[in-house]
Each structure stands twice: as structure tokens, then as C-alpha cells.
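Peer 1: So the chains spell out like this:
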Amino acid sequence: MRGFARPDSAVGLLAGGGTALGPVVVPALVVGLGVVGFGLLPEHLLYAGSTAIVAGLIGLGLYLPLAVLRELPLNAAAIAGLSAYVFAFYGSDGGIVPNTFGVVVALIAAVTASTLGGVFSLVVTGLYFAVASLVVQVGIEKVVFSIGSLTGGNAGRSVAQPYATGWLSTQRLIYLIAGMIAMAFTGLLWYMKRQRTMFRAVLVGWQPEGAAAVGLRGWTQKLLVFAIAGLLVGVAGCLSSFVNGTPPPPIAFGVIWSVIYVSLPIASGLKNIATVWLVAAVFVIIPIVLESHSIDPNVLSGTILLTAIVASQSRDRLLGRLRSLLDPGIADTVDTAAPAPRALVDHSLNGRSDALSCAASGNRPSSDVDRALPATARPTLEVTDLVVRFGGITAVDGVSLSVKPGQRVCVIGANGAGKSTLVNAISGFAPTAEGTIRLGDTDLAPLPSFQRARLGIGRTFQLPRVADVLSIEENVLAGHGGRRGEVTARAGSLLERFGLGDVRSTPIAATPFGVRRKAELVRALLAEPQVLLIDEPVSGLEDHEVTEILGTLLALQAEEGWGLLVIEHDQQFIAGIAEEVIVMENGRVIGSGGFEDVFDDDVVRRIYLGEIPA
Amino acid sequence: MEVFVSAVVIGIFQGAIYDVMALGLVASYRISRVINLGQAGIAAVGATIYWWMTSVWGGPTVLAVCAGIAVSTLIGAALGYANLKMVEWPRGIVMIFTLGVTLLLFGWVARALPPTTVSPISPFGGSGFDFALTYVAVHQIGTLIATVAVTIAAVWTLSRTRAGLFVRAIYDNQDGAATVGVPVDMFVIGVWAMAGGMAGLAGILVSPRTLLSPVLLLFVTISALVAAVLGGLESFPLALVGGLVLGVIQSVLGGVFGGQLGPGLENLATVLLMGVGVLWAGIKNRDLAHIQT
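Chains as they are written, first to last, in this note's numbering: chain A, 13 to 626; chain B, 656 to 948.
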């Protein structure tokens, strides 16, 4: 596992050409710069260094909502300011106790403000969230920063700084303290990036429906990310008061600064947290170094901001050109799409089973496999008179079906028949107007999708809902529940059975469609569902992939005994898997029965196969 | 009651200022799905050119207004051209880019303006009259009329002209418009240029009432953004209504509660209303809200 950086990306190249050096070079460079700065920076630039650390910490805090949730918070400066003023308010008397109390209260304030700002993301996303966070920024600026008793007014408040003379001067000591705090939090974030909790948050941010389908409660993951971001920004706020000896004036926490701070992780490419530090150093130190040249700070900040954004967004192109200039022979490979990893192809070809040959021949698997159910009693999925309406359109109209433990039910029908809506309604992704959905004794209808998943309704989607920034294994592990060791072991076993064992660490964005499909299936199966709903599991796949998936699914179902509800068009697949076939048209069930019975029916042949009766 | 009426009157004029800026934001958003925070910088440049031509050079007011709007239009067009080069970028990042442009323009304005604060003369003159216990400046009336005129012109152009038809086609489906021969790039640049002109006009109209302050213009832009969001970010008339509603609410809350509450708290209700408004608009326009940043 390697966190959600993409070694195939430009930053991967920057960080070592996608080699094993990648994760080492940039962090080593950052730490090296920090240490060199501590040892060699002249006295008057140490303050700039400390300010860069403050900015970097804020950038690090913003990295999380940006990279994990794909949200653009524009209120970091205000939250940092809030923290700075609260810290100074309680800590201005000096002494360990007031300072500690001040830090604690300031961090609580920052985490609370960030989390409350994050609540907006539960309601609106994208640009609306960005605007909403801007309102939070303006609110704190206009309301909180206007309270003179908090900010200290024009006189300000003083914050105790260490006193030191000689080479280890006060500024050098402050730089050292700030640097150590920054390193501690960077290490913490680096560790968290590699934990399952963060994979879940990434899945919520990148594929909210995929996350709900594996039982993740989206709002807790989101608020957790915003709380951690608030903590980092809050620490930076306290540090800003400490570094300056007094909280900076409110204008230093204005909306422009919020935008500058958010551009730090954006300019870093959002892949590598160490790169955020490099960008922060450039952003803060260049203006201070050039201060004597009387360049307007806005011009300087604007120029650096625009350059950084253009560089971050065009880095792939720029690096490609650079590499082709340095080595013309490489030009051909730079623009070539990555081929499927060889191991995947080999696995697909070698992974055939007996069931595969059943499917290939159009025969149903043997009844021995059907009966080999585990002793554990599993509940039956019962859908009765289900109606789903979208406005005036009835997409599902009075459908009833049941999926017993170990049973395989296939729903077929033309496009627009209501098949996917049926699966969406069962799994909680489409509203139910009438009817009941029960899993054993539990009424699923009033439950949200993530709770249905936790109760055992596993599902996959027509287009796999996987997070591109995670590897195959990280995507699989992002689901809800299970003890760490057990889950990892089961994930390993399932990945092997679906032929993904050797490529589990591959970024899923670099894999072909069939691999993404299989990874999503593994993720659904990892939660040990009671009933698995799969929506067109083999569309867009090669024949050998179809037979491989079919074989693996049948074998697993025989071992574990979950019920299976499949939507599929592929007649060969249906023939290989279905015990019962349900035919839908215009939202209604128009027939059901065994495969042969259904496909011998004239009406079904007309609707499903488009045949004209003689 | 009198205080309330007076606050409503003031609020309408305040809302008119937001409206001019909001119209430009709506225009660039509709054509490119970008919230163009460069409007603040463009407004500052437009206002600075107007101030320099009227107060320093002593030129005719009409010429100064035209020059301020013309330069703003050119900057808007340049920004539109840059936007065309960023079509593959996430929209939120383009938004940050536009704010970088604002920083650059603020830097130019800081060099052009004197160290002391300045307030340009009104293009409509300095007279006024009493209405509903409120002194109404001709400048405020002129601002309101200019805003309504610009809105009518924008709506008419969009709905009644061939160019408007092309622009609507691009709004709806850029690729589709290109396949039927609409010169997409030209119209995108044109709409951004128009938005720049509106920002310049906003700067010229805002600064005589307050001060020529870049930071103040940034706050006006944010308020205008909220007004545009209240209108769903898609509609000129709704943005107009959104600006007026926001201006009136701010003015009424300030007028009724101003002085009774502690510093800052008088802004609390306005900020809360802005937040609720953004949430309401976001829920109402979920399809837009899912445009990832």
C-alpha cells in the first residue's frame, strides 16, 4: 500500500521518475532544505523560514479536502486567524498553563470551525461548496475579527517567545520549534494516508455512490477529513502568533490569503505531501527575499500563484517535452497509453474453471455446485409490489421477486426496461414510492443505502465506481467493517481468485476496464454480503474475462451461499449463471422462469432478441 | 417604519451595485462554467482609469467612462482567451487562476493610485434629493438605471439576436455548437470581454460612493457572487433580483440593528443569510453543484 499518490503521474516523475526513489527524493529534499535552513539561514531570513512553515502547514491541512474529497475550501485563512487570536487571547499572560490552555482552546475552535464549514459539503458540493466556504471566510472576517476584545484591537496581544542569544538565537529557536511541529504533523499525515480510514474517505470523495454501496457513511468520513484539516490549520494559526510574537492583523487572514493558501496544494499537484512544503517555501520566501526590490506584494503573489497553477496543470506536458528534449528516443513512449499489465492478461487466460466451460457451452452448472451451500443460514431478499417513480414517469411498476440464499436470479429486458432502477431501489440509490423490500425480517425501504450495505446488500455498478487515485488493493480495502487482519486476509484471497493478486498495488487508473470491474466485485464481496446485486457485470469485457468472472462467482457463491441478483444482456452469461430469469418491460415483470422456458417464449424473444414471429 | 423604508431604499441602490458585478459573473459562468474572480481586479482597473482620466487628467467624464470600460473589456477578452487554453483544467482551479489575475491587477492599481485614499467623482454628478427620509444621490439613481439597462440589453441580446442564439448554443453544448459551425472560441472570448466590461462599469459605479479600494471591490465581488448564486448562477434577471434582495437585506439589518449590537454582530445575520442562500441555491441546482472543483 502506498497512499493515494499516483506514481504514473507527473509528480511521480518529479519525485523520482516513478522509480523506487520517488517516495524518498522529495521528502528527503524537503527535510534537507529544512535542516540546511536551520543551520545556514541568516538571522533576517529565519523569520521567512518560520512563516513558510506556517503557510506549509495550512497548505497541508487544505491538501486533505482537496485530494481526498475533491472540495475547494476557501476559508483556511479565517480559520487560521481564529486560532491565532484565540491562542493569543488565552496565552498572552505567558506561562505554560495559559499557553497550553490557549493552544487547546484555539485548536478546538479551529477544528469546530472547519468541521462546521465541512457540514456545507454534506449539502452542496463542487463550486457551490467553494462559494459556501467563501461565505464562512467572509463571516469570520466580518463578524469574529471585528470583535476587538478577541483580536486585541490595534494594540494587539503579545505571545511569549523563547529567549536565546548567540548562534541559537530566538529566531533560530522559533524556526526549530516550528519545524519540528511541522515534521510531526507531516509524519502523522503521511501515516494516515496509508490507513484504511483514509482510503474510505477517498472513496467517499471520489465515488460517493460506490462508498455507500460498501456501507460507508459519507458524512462521517467527510467531517473527519474537515476536522483533521481544521486541526492542521489551527496549529498553523497558533504558530503564526508564536512566530510573530503577536497575532498578525486581520488583513493577514483575509480572503486573498485563503486563496493563496489553497493554491499551495493545488500547485503541488495534490499527489505528494512533501511537494506542498516545497511550494510553500517558494511562495513565502521569494517575496520576502525580493522585498528590497520594492515589487508590489500583490504582483509578486499573483505572479507566483499564476506560475504555480500553470506549472501544476501543465506539468505532464512540460515534463514530457523536457524528457523528449533530453532523450529524443523516449518521445514515442511518453504519449503512448500504458498497456494492460502483462500479469493481468496472463491471469485472465489462466484463470479458467470448470464453470467457465459450462458457460462457454451455454449449459448451467452442475447441481452439485448448487447444493454445496454453507451451513450458515442467510436471509432471503423479498421485493413486493415495488414502485419507483421519477416525476410523472413510473420506472418500476409493481415488481415482486425474491432471491433466496444461494439462488441466482437474472433480470433481463431491453434498455429502459427498469432493470437498473430496480437494483438502485433495492440498494437504496433510488427512492421507493410503494412496495416493500425486506432482507429476512428487516424492512430495508426506510434505510439509507449505506445501512442496507451494512445489512448485507452488496452491489456493483454498470460503470465501476472506483477511486482512480487509489491502487486496486486500496480500493478493495476502502469498504466498511471487518477486523483489519481478517479483512486484509480475505481481500488477498479474493484478489488472487479474481486474478488480481500480482497487480494489487497497481494504481487502478492505469488498469483496463475489466480489472476495474473485477476490483469492484472483490470490494463488494469483501463485506461478505447476504445478497449480491450486480449490474451488467460483463458488459464491455473480453470473452475470456466473462468466463473467468463467471467461474469465480459461481465457485465463491457455492462456498459462501449468498444470493445473487444479476442484470445482464449477455445471453451466454445468463445461460451460464441463471437459475431463474425475470423479464422486464416498461418497468413491469412480463415473465419469469427457467432459462430455457423464458428464452423459448415468443414474447420474450420479440422483446429481448428483437425477433419477428413467423 | 420610517427607518425600515429608508433602509429598503438604500438597500435597493446597494443591491444595484452588486447587480452590475453579478451580471458579469453570470455571463462568464454560463459560457465557461468558471466563477471569474478576476472581476474584482478588472473592476479596480476600470475604476482607476476612470479616476485618473477625470481627476488627474481632467478629461471628459463620458470619455473616462468609455476608456475604463474599454480597457476592462480588453482585459476580460484576454482572460477569456486564457480560459480557452484551460478547458481541460478543473473549474475550481481556473477560478483560483482568475483570482491570481486579480492580485496582479491589484498590484498595478496600487502603483497607479496615490498613497492616500481617493474617491472618484460620480459620472452622474454630485446632486441628490430627499426621498422617504433618505438622501438619494443622483449617482444611486443612475447606477440603478444603468444596471437595469445592462440587464435588459444582455437578456435582449441573448434571446433576440443571432449572436445570442450562438451563445445559448455554446451554453447548452459547446461541442454540439462547434459541430454546427458556431465559432465557439470567438464567442467565448466575446462573452468574457463583455463580462470584463461589466466589471469595469461596476468599478466605476461603486468607487464614487465608497472609496477606490481594491479590497473593498473584492468584497463587493464576493457579495455579487452570492447574489449570482442566489439567482442560480445561470440567469441574468434572477441575478438582478438576487443582488437587490441581498442589498436590501444587508441594508435593513444594518439599519434596524446597527448600533444596537456589538461590532461585527450586525453582520452576523447577513452572513448567515448568505450561507443559507448559497445552500438553498446549491440544493436547487444539484446538477451544477456536482461540477467538481
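Just so you know, the hints here were simulated from the structure itself, not pulled from any lab data.
The beta-carbon is built from N, C-alpha and C at its ideal position, and this holds for glycine as well.
Hints are supplied without guarantee of correctness; some may be wrong.
Computed footprint of chain A on chain B; a stretch qualifies when at least three of its residues, placed anywhere within it, have a C-beta under 8 Å from a C-beta of chain A [to be verified]:
1) 761-768
2) 855-861
3) 893-905
4) 928-934
Peer 1: Now, for every hint given, state plainly whether the structure supports it.
Peer 2: Verification of the supplied hints:
| no. | hint | verdict |
| --- | --- | --- |
| 1 | 761-768 | holds (count 5) |
| 2 | 855-861 | violated (count 0) |
| 3 | 893-905 | violated (count 0) |
| 4 | 928-934 | holds (count 4) |
Consistency note: the structure conflicts with the earlier hints numbered 2 and 3.
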